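Asks: Below are the chains, spelled out letter by letter.
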Amino acid sequence: MIHSLFLVNSSGDIFLEKHWKSVVSRSVCDYFFEAQERATEPENVPPVIPTPHHYLISVLRHRIYFVAVIQSEVPPLFVIEFLHRVVDTFQDYFGVCTEAAIKDNVVVVYELLEEMLDNGFPLATESNILKELIKPPTILRTMVNTITGSTNVGEQLPTGQLSVVPWRRTGVKYTNNEAYFDVVEEIDVIIDKSGSTITAEIQGVIDACVKLTGMPDLTLSFMNPRLLDDVSFHPCVRFKRWEAERILSFIPPDGNFRLLSYHVSSQNGYPVGYRSLVAIPVYVKHNITFREGSSQGRFDLTLGPKQTMGKGVEAVLVSSQLPRGVLNANLSASQGTYTFDPVTKMLTWDVGKINPQKLPSLKGSMSLQAGASKPDENPSINIQFKIQQMAISGLKVNRLDMYGEKYKPFKGIKYMTKAGKFQVRT
Amino acid sequence: MSASSAFSDEKGGSSSVGEPEYGHDPASGGIFSSDYKRHDDLKEMLDSNKDSLKLEAMKRIVAMIARGKNTSDLFPAVVKNVACKNIEVKKLVYVYLVRYAEEQQDLALLSISTFQRGLKDPNQLIRASALRVLSSIRVTIIVPIMMLAIKEAASDMSPYVRKTAAHAIPKLYSLDPEQKDQLIEVIEKLLADKTTLVAGSVVMAFEEVCPERIDLIHKNYRKLCNLLVDVEEWGQVVIINMLTRYARTQFLNPNLNECLLEEGGESTFYGSDADQDEDEDEDKKDEALSKRKPYVMDPDHRLLLRNTKPLLQSRNAAVVMAVAQLYFHLAPKAEVGVIAKALVRLLRSHSEVQYVVLQNVATMTIKRRGMFEPYLKSFYIRSTDPTQIKVLKLEVLTNLASETNISTILREFQTYIKSMDKDFVAATIQAIGRCATHIGEVRDTCLNGLVQLLSNRDELVVAESVVVIKKLLQMQPEKHSDIIKHMAKLTDNIQVPMARASILWLIGEYCEHVPKIAPDVLRKMAKTFTNEEDIVKLQIINLAAKLYLTNSKQTKLLTQYVLNLAKYDQNYDIRDRARFIRQLIVPTDKCGALSKYAKKLILALKPAPILESPFKDRDHFQLGSLSHLLNTKAGGYQELPDWPQDAPDPSVRNVEVKESVPEWTKCSSREKRKEKKVEKPFYSDSEGESGPTESADSESDSASSSASGSEQSGSGSEESEESEERSDSDEEEEEEEEEAKKRKTQKKEPIEAVQQSESEQSSEEEVKKRKVSIPPPRNVSESESDDDDSPSDSSQDSESEDSESEAEVKKKKKITPPKAPTKPVKKEGKKEKKEMSLLDFDDFEPTPSPQVTPVGNFLSSSLVTDLEGLSLTDTVLSPATISPSGSLKSYELLHRITGEGLWVEYCFSRQPFLPDPHMVAVQIQFTNSAATEAKSLRLEEAKLQSGMRVKEFPEIEVLPAGESATVVMGVDFCDSTQAANLQLCTHSRKFFVSIQPPVGELMTPSFMTENEFKKEQGQLMGMNEITEKMQLPERCQNEHAIVQRVIAAANLSRVPCGSDKECSSPAPPPPGPPVHRFAGRTVTSGSLVLVTVATKESGPSQLTINCEKMVIGTMLVKDILLALTQ
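These protein sequence lines map, in sequence, to chains E and S.
Counting in my numbering, the first sequence runs from 1 upward without gaps.
Counting in my numbering, the second sequence runs from 10001 upward without gaps.
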């Protein structure tokens, strides 16, 4: 399956290579570099590149290309999904997945890669098992290791792989037993010129941080489970129970994990009764015009909250790629600060919190290249925001119960709504 | 030895300064000033006694390997440490060894003995890791050693080691393909393994080594299907892809009839199906389809579809895609729709995932547009998408365009045309052109829109529009001469060669529509000829030729001029063309023949181009594969075979090895069994180790299932016996059948079983028995059947003899260690067979039927099935609850007189019907009291009330006279007590029968605590609550009687009381009147049914029922009242 892996940084250097079968010369990456040169944007490098003897499948994360070399037929998603899992694992281990972090921990990285693939076929990809095999480096441990000469490879042999629940280690112990759940929803919207919604969908996840002793068996129930029509689960969730009772029943992995992700859509394609219109929490009034023959354009933008159930809209950031003809923007913001980069033509406006009494606005003029004709297109506006303590879909956790262990855990749940790809066409 | 050269390599390589691998070690900077010293120092460190120094050295070496530096000269120094005690040093040495062993084969051999020792280690993890490294060393000399190690590991006790063995197979194969035959044997053996841990890896080995040996899969097919959900995600992908191929060779095309009948109405037919992805709909449709046509889906085919469907919810995109392609290639068209939602969900993932998914969606949309139509908007393009994603989304949108949605799509396209990404704009224009060609109604609108684009400032946009317009005009040129004129004017401005060429071609082709302009265009072009691009020049020549033929008066000279210019062009293509054209059109003396036809040749009517999707016909590659993505065959790609014309024999998937049976004599079979027996213990051991994975299999539970068979007989259910018969050994059953045939005795286990169970009464006793009887499950049933007065003792005897011998061997086994099999081929099949009979009983059923669940009746079915997956049954929930004792009431379905000797009874087994949790399991017992045998007993053409569904049992082929058989079917009564009217068929007759459920059978027990119960009860007040007062008769006063009666009347579970008075009977009676609570859910809708019986010391007791379904509640009150007061 996967022959080799090359890590390539943004300047085109191979800074790590790992082979699971016989060694593949790193010159194979030349094909990748060619494709990279051809691509205008870093993310435009095709994920699959055929070369005379190999195929290169790559993913781009944190400005590092993870280039897998394969020799024969394999489902491309298999490799892509695996590479993403590698990145997730690195992130889990080192906190960040940067070139520097990988170089600093090159031995751990190598040990991890060695465990994750055997002869190119995934072996242990559950982070819990890996953590049993190879302890993640912490500052303290590094210190201790340097002094005592001990190692970060697990002394005990890992049993997780053989256990009842392969995602959970055995013998977990905590003094404070806690289980936190974050319901995070991202709302993806396209709003057209006239302000009507073209598409709106919600992509939600429930991330959990469970630190519970022993082998707890949790059940999580929702007030309105019907919303969760299109879901994917962590393998720990008992699917049948969900099908029958719409209750999430699971023995959680230890630590952080993504319990489930779901998708709520406003469009048809769902059985009647499941229809849920996606509420758009902010509105935008815009007036961006360019006049023919004039070297001035008007820019006028006002934001306001709607359907937020009284929760404040925070961390609002507006960005817009202005047309190439715009030389400069001379605007005034009623709140926050704006910047215009004359090279990339990127206008960003850091609004902060929206005050419903005094709606933030950004007004002014844009100066265009003299003599140039008016740009064809109006820029589209991308908005980011956060709303705390609310899930825009209305999803609510009903209760969390624990079986199988005696103690009483501390339970917490947090809701948050974020803008995903929130785009307003003008 | 290449050490010296390698060394100089390294020297060269290391000349770059500031290597990070040294940078992070502050101490190293000063020491390693020169390359020589550096390596010497590493060697020194490796030779030292201190583990910390060794570790430090190894870390540095690994860091060098990671950077691609050559460290092969350190090989001798490193390999010495292979036996190092320090586990991290060891691991790093392994890393080094695997990397360089190939280059330094001789030295690598030094390490082999260490691994060989490791292979014998008592710790399974050490054995596994030794095998892993040993097999990773690519040194041809050790092939025999590897082969031996793999074979041994394949029979290891630990499933983890067996998994490692499966991984090692492709490694060895790539090293020495000549070992293939031997490896196939190992694969065959491992394929029979029943642990989920091994399944994925061995299928991967199968795919790499012998994908053509599809026959190896037959006997493991059902097991793989059933295990699939619990296999780790990577294994799932491999298995699903393999099974797709397998199914294509073994089953009939489910869409064959439709293809013939519904070719035309495809889009409307699918338009509706995407949103109906519920199971029920599917099944209904399936039924409807099969009614209409002779096609009946093979139950194994259905099994595959059903077991893969839940995986659409996997978090792993590769799994989702694998299931999607399986459905696309294998499912009846009406069911394919279910994958759309899951695929659309993947579109939110990383852009690489999106890219692959969109490619596949694009192919799918060509074949099955309706499937994705409801999700049209999910493919709308955002300005922030990478270009390649944009283009693919555009492709999908274009494929999805139809008369109904074209206006929306075109409006969306208009937005895209304004985008700043010009490549994307060009693609959009192409897309508009394709929409216009496919949907006639919008052709004019599109054309007008494109013509407007001609005045766009961006040349690229204009050029692309011209090209597309040209194609569109070709379809109906006569209507659009004004557009042609307009385009002729553009030649002055447009510089893009392709566009210019297109315009010239258009003018030439339709010069009769623009007779005045055409010569003028030629004149202009002749002027600029020398400066044009090649494709434009060719079109100028064409234009000239065409004009010459139609309008030679005006253009003769111009043509001559152009041809002369072309004659001396640098490009030979153009020179050729000019020469050819001149010969063709200019009449000379020499060439008469061709020029006569010049007009016909040049002015022939050209067919309009068909704008096609680049994804057309890509579906002959298996979707989701690399080959599909690249649209070329990748190395190692296995073609997806075409459906067979006639279905191959489905019996090959039966677990029995048919061919070998006839040769068996009774004794030889027993001998062989003994041999097989030798294998057995490690499997049972392995079960101990891998218990979870085994029991996680939803339909089976090996060891415990047989145990629970006996347990359940205690609960009074005939079902349990039935399932025991099934689970205990489908193999055994079949084998028995064979034997029975041989010896002209008859198989009659079912009857015995039923009778046994009826004779069994006490549940407590059973519980005890269960505890005792778990290790040799069969013995229980054997001992129980002593008092059996059924006709065929002989088979019974032989049966118990066999089991005795088995038990003996088992004992022996405990003493003697397992031997590796010496003669594998012949024995393989039988071995497999025996294993099955003893261990994994119910994976192999022909059709899924309700299985024994390891827990008693008192748990809710869903909970039970869930818990099976986790084997927590004993620890988590063990409420001491009284299960209903006494046999279940059976009802007559067909009287023996009406049935002409066939006597049919049914009862409600109260087992969850696993194939469909919304169905009630009905156990049907056929007794043939006629003198002749009854053949092909089956249910047919159920005439059901609306909403009701029936899952028929597999046809009973022969029921000999005097025999009985028991089957289980599922009925969804829709929570109503209306009878299910069915037609029971034999080979000669049909009987109309009906199954009438008592209301108490329409529910399944639901486990809840007292608090939950009270809470739920609080929500079901008012109309949903029914209360009756009653006077309990004397003998019904005690708690045991009440519980027993209520549970007998309705399939509910007891809610444990807060005080554990049941658990400890001697405890003083609690103050206050005792209250008994029972909870359940209706089978179809899952509505709660809560029953409370409050007894009072004096005065009437009170019965309260809370249920959302009032009808059910009312009827249940009556039933329970009756049960309690009788």
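I should point out that these hints are in silico values taken from the structure, not numbers from a laboratory.
Honestly, I wouldn't trust all of these hints.
[What the hints assert, rightly or not] Derived contacts from chain S toward chain E, CB cut-off under 8 Å, selection only:
#1 Asn10241
#2 Arg10245
#3 Asn10253
#4 Ser10314
#5 His10350
#6 Tyr10380
#7 Leu10630
#8 Tyr10637
#9 Pro10641
Here the structure is a predicted model, which means the values were calculated and not measured.
Glycine included, C-beta positions come from ideal geometry on N, C-alpha and C.
Asks: Kindly indicate which numbered hints from before are broken by the structure, ordering the numbers from low to high.
Replies: Hints 2, 3 and 9 contradicted; others consistent.
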